[in-house]
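**Q** Residue numbers (numbering that gives the first Met the number 0), protein chains in the order written: chain A, 0 to 138; chain B, 0 to 138.
By construction, these hints were calculated from the structure, which means they are not laboratory data.
This one's a predicted model, so the numbers in the text were calculated from it and none came from an experiment.
The beta carbon of each residue, even a glycine, is placed where N, CA and C say it ideally should be.
All the pointers check out, no bait thrown in.
Label-pair ranges, simulated between beta-carbon atoms: (1) Ala100/B x Pro78/A: 45 to 53 Å; (2) Ile132/B x Gly44/A: 41 to 49 Å; (3) Arg102/A x Pro114/B: 39 to 47 Å; (4) Asp67/B x Leu59/A: 26 to 34 Å; (5) Arg108/A x Ser134/B: 44 to 52 Å; (6) Asp67/B x Arg49/A: 40 to 48 Å; (7) Leu59/A x Leu107/B: 27 to 35 Å; (8) Ala100/B x Arg108/A: 16 to 24 Å; (9) Leu126/B x Leu63/A: 21 to 29 Å.
To give a feel for the contact side, a few chain B residues facing chain A, derived at Cβ under 8 Å: (10) Ala37; (11) Leu43; (12) Arg47; (13) Gly49; (14) Leu50; (15) Val53; (16) Gly56; (17) Ser61; (18) Ser64; (19) Cys80; (20) Gly84.
Residue-level listing of the chains:
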Amino acid sequence: MTGDPAAGGGHLPVGDHLPVGGDPPVGDHLPVDGDPATVQPADAGLPAERTALAWQRTALGVALGCAVLALAALRESDPGLALVGVLLGATTVTGAVLARHGRWPRPDRRPWGMLAPGAGAVVVLAVLGVVASLVRAVR
Amino acid sequence: MTGPDGTARAEVPDEPPVRRPRSVYEVGTDPDVRFSLANERTALAWLRTGLGLVAGGIALTSFASFADLSVLLDVVSAVACVGGGCLAVYALVSWRRNERAMRLGQPLPPPSALPVVVVGIVAFAALVGAYAIWSGSTR
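So that you can see chain A by itself, here it is in the shape it has in the complex (with noise of 0.2 Å):
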């Protein structure tokens, strides 16, 4: 978690935007080192580290809703829909993982390059979910 904020790491600028006028809040910069003329911007309010766990909140839970699927399937015996919630799920945790450690989406794609498929693995899991009630309904 280094680098880039959006990612979850590193430390924000927040002495460069503040958002109303005013002197910076109190602990602003920090000395780096012991060496007051090295200052480095601290990262109040950890906006990039709550921002990065609200995302694995949200992979973990997509995942829990895969297996809740996948069982919910297997229950009603169709492998296939378990299958499909199966794969969804194993696909959340891979893209949660690579996001953790940088390597997708590219930089300049986030957040959107995040935004869009986790909200598209709850509309396909959403679907799935109405696949498997009127499945039991018909049945």
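The hints should help you fit chain B onto chain A, whose structure is shown.
**A** This is chain B only, laid out in the frame that chain A set:
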């Protein structure tokens, strides 16, 4: 830097990669990075709300199958899954809308899906509650 003939040549800076989506990043100026991250987290929160509806729908149909309950619950769970999928799409739309507004220095648009979600969840709770009362009274 000099060319092959020894004359001075102006350095051409590398073009930064085009950020996607262009409809967002080609307007206005970059806002405070903390605000962009907050917008991203808000979109993720909407995504997780949709995911909760989808997972709840799948769990409901699974439970209905397990306990051999009415087909009505399958219909309710299908509706919940559709609502969750719609919220996932709304997460993308609202992220794009808010990011554009911040880049253009405009007021943020209101969360138009919020009243719909509230009404939908109340209706969902009322339906499931009515079913519980009805099934209890017919036993």
